[in-house]
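Undergrad: Protein chains in written order, with the UniProt record's numbering: chain L, 1 to 369; chain P, 1 to 369.
Hints may be right or wrong, so weigh each one.
Straight-line Cα separation of at most 27 Å, DSSO-like style, residue types lysine-lysine; simulated pairs [as the list claims (entries may be wrong)]:
hint : chain 1 : residue 1 : chain 2 : residue 2
1    : L       : Lys260    : P       : Lys264
2    : P       : Lys340    : L       : Lys36
3    : L       : Lys197    : L       : Lys140
4    : L       : Lys122    : L       : Lys194
5    : L       : Lys47     : P       : Lys366
Now the stretches of chain L that chain P is said to cover, found in silico as 3 or more residues with beta-carbon under 8 Å [as the list claims (entries may be wrong)]:
hint : segment
6    : 41-50
7    : 197-210
These are calculated hints, taken from the structure and not from any lab test. In this text, a Cβ means the ideal position worked out from N, Cα and C, and glycines have one as well.
Number of protein chains: 2
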Amino acid sequence: MKRSFIREILEAIDEHTISFAGGLPSENLFPIEDLKIATNKILDTPKVYQYTVSNGISELREQIAKRYTDEGFPTTKDNILITTGSQQAMYILAKFFENKEITIEEPSYLGAMNIFRLNNLKMQGVKLEEDGVNIDEFEKSLKNTKLSYLIPDFQNPSATTYSQEKRDAVVNIVKKHNALLIEDSPYSELFFDKKSKYISQDLPNNSFHLGSFSKTLVPSLRIGWIRADEEKIRSLMIIKESIDLHSSGISQYILAEYLKDTNKYEKHLQSIRDDYKAKADFFSLQLNKLMPEFKHQKPKGGMFLYGGFEDKKIDTFALVQECLKKKVVYVPGNQFYIDKVPNSEIRFNYTHSSFEQITEGIKLIKSCL
Amino acid sequence: MKRSFIREILEAIDEHTISFAGGLPSENLFPIEDLKIATNKILDTPKVYQYTVSNGISELREQIAKRYTDEGFPTTKDNILITTGSQQAMYILAKFFENKEITIEEPSYLGAMNIFRLNNLKMQGVKLEEDGVNIDEFEKSLKNTKLSYLIPDFQNPSATTYSQEKRDAVVNIVKKHNALLIEDSPYSELFFDKKSKYISQDLPNNSFHLGSFSKTLVPSLRIGWIRADEEKIRSLMIIKESIDLHSSGISQYILAEYLKDTNKYEKHLQSIRDDYKAKADFFSLQLNKLMPEFKHQKPKGGMFLYGGFEDKKIDTFALVQECLKKKVVYVPGNQFYIDKVPNSEIRFNYTHSSFEQITEGIKLIKSCL
């Protein structure tokens with residue numbers, strides 16, 4: 001089994017390397033003072049340190065459920081399973097569906113594909129277009145697999161967001177074939193303009209909706225969740241319990257305390273959106289100016305900018321080895337395809353670099369061409 | 001797939017129930033003030049909140065490695081993989097060895113057996129005697145399976161501790177058949193008299209040694225580890241990374257900060273040992289006084305007292321349903337066997353009850369006979 005290319009790069013680079021590779025949120029935006037206040041409010045309570053229930057503490061599940069309900073997606077705490085990050089949510093689902101077939105977007109999230117391989121799920125890729133999956137291909141595949149994995153909001157890696165038409169089409173196809181949808185939504189709150197409706201909202205009993213606090217608050221708490229119907233949550237909880245009994249109680253109590261002030265959280269989210277939008281706009285502008293042969297769409301949210309060189313002969317996997325020597329890295333597009341055949345595409349992360357680093361990094365890549 | 005009986009009971013009982021069931025450490029012994037101090041020292045540092053490496057932060061791995069080395073078991077940080085509790089360590093190993101055969105003690109740890117089943121490991125049980133596994137049976141089984149799972153110190157559930165002779169015999173057999181040992185050691189620090197030498201110390205390249213802070217500090221941080229040779233650690237890290245990227249960074253930094261003062265930690269460990277010894281002695285005494293038909297050995301460490309009724313016709317699995325009605329619970333012995341055939345044995349946890357509850361609980365069980 002091979003390690004994730006991204007994780008390998010994250011461990012190989014030093015502090016002098018400009019990294020457009022990982023999905024690291026900006027440390028400048030961590031609400032450290034508010035998290036300290038929340039943490040100190042819970043540290044005197046002995047139960048915070050004890051073993052707790054496998055599905056997650058009630059307070060936190062209730063707060064997550066309320067957010068769904070407030071958005072028009074009726075949800076109770078019994079629809080929520082707390083996980084050790086959204087990565088573990090994926091793992092639990094992959095274990096639940098092991099040896100089955102699954103329809104995925106191409107390109108798709110590297111970490112999910114690694115988990116599917118590890119649990120022997122056979123992946124069928126469907127072409128991702130500018131407004132979502134190719135619907136004909138999706139139906140053809142889902143008819144057989146009965147299970148799909150999509151990232152409809154600001155997709156990783158492509159930054160694609162599904163149009164409402166394609167969302168509706170996916171709903172109809174999943175219903176028609178009595179299939180299941182895993183909707184991965186770590187970036188949904190990071191919209192620059194407006195939030196789209198979750199596809200799962202129209203498929204409450206045929207979906208697993210995955211969320212995370214890693215991109216909206218801080219990653220190191222390692223808290224994510226799965227939203228599904230109660231019966232599915234009960235089944236998944238048994239797997240969760242086997243894997244690590246329960247996610248960090250300290251992390252859960254800190255989050256539950258922090259989230260009590262919803263206005264504060266909303267303001268914090270807005271500050272991330274503003275910051276990331278400025279970075280995305282600047283990254284796109286600099287690419288057009290300094291490396292116009294790289295074609296891309298300006299992101300509308302999320303953490304990534306994706307595109308490809310006009311010259312299809314450029315192998316971005318080979319190129320990144322050269323870039324590494326000049327102390328700049330990105331993730332080559334081929335990493336996000338099932339067969340990993342080299343191509344001319346690149347995923348850039350724009351959230352973790354300064355404006356200066358963005359300009360300098362693009363210049364360095366250009367010099368490697 | 002069935003849930004763990006213990007976890008089910010933990011969620012079913014109310015605050016009026018006297019529970020001898022779980023493996024809950026005593027909340028009175030949590031070093032809350034010192035953990036608060038450690039936590040507040042790390043909360044200003046942004047990297048504490050960011051994604052971190054999959055194998056665990058260096059500071060913590062170094063501190064764990066140093067403890068091994070100081071005890072005469074040479075270890076570096078590259079021999080350590082941090083896990084989300086010792087439960088996840090078991091899961092990672094079970095995934096690593098999926099579909100293989102494994103030799104285990106009978107009775108054995110319920111959580112491990114569930115994980116083995118989930119990953120399709122075929123378990124072969126070997127009788128556990130008063131001083132460790134039956135050596136002839138162990139060799140006969142290990143010759144074929146090449147893989148074993150043992151809990152040599154204050155075993156869960158039986159409280160058995162291996163004699164040095166049996167430890168040496170296990171070492172020789174594992175070496176002779178070029179096999180592997182998974183040594184699960186969550187209770188090793190909770191000795192009342194003296195600490196035994198880890199079997200893994202004489203099998204540094206044929207062993208996985210599992211440790212945890214759940215029983216020695218607090219469970220809710222969810223931090224445990226695997227000690228193995230560097231090559232094995234690298235392989236296991238790939239699985240770890242797929243499961244949850246990394247364990248809570250906050251938890252790891254809190255622990256690394258707390259453990260800097262080794263004297264404080266040693267004093268804390270001694271306070272647990274003193275408290276648990278008093279509880280174990282009292283539990284044993286009250287059993288002899290109030291329910292002498294229940295035969296057992298007085299524990300020499302750990303968290304459990306194990307034994308059985310002289311009258312082998314008593315079915316402790318049926319009995320616990322009666323006890324539940326009277327608001328007292330324990331774990332029936334059959335839960336710790338591969339085939340779960342009802343028997344007359346019981347595992348009592350003595351660490352989470354007051355002296356009054358111990359007396360009252362035993363009386364209630366006696367009244368159900």
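Undergrad: Kindly indicate which numbered hints from before are broken by the structure, ordering the numbers from low to high.
TA: As far as the earlier hints go, 1, 2, 4, 5, 7 are violated by this structure, in ascending order.
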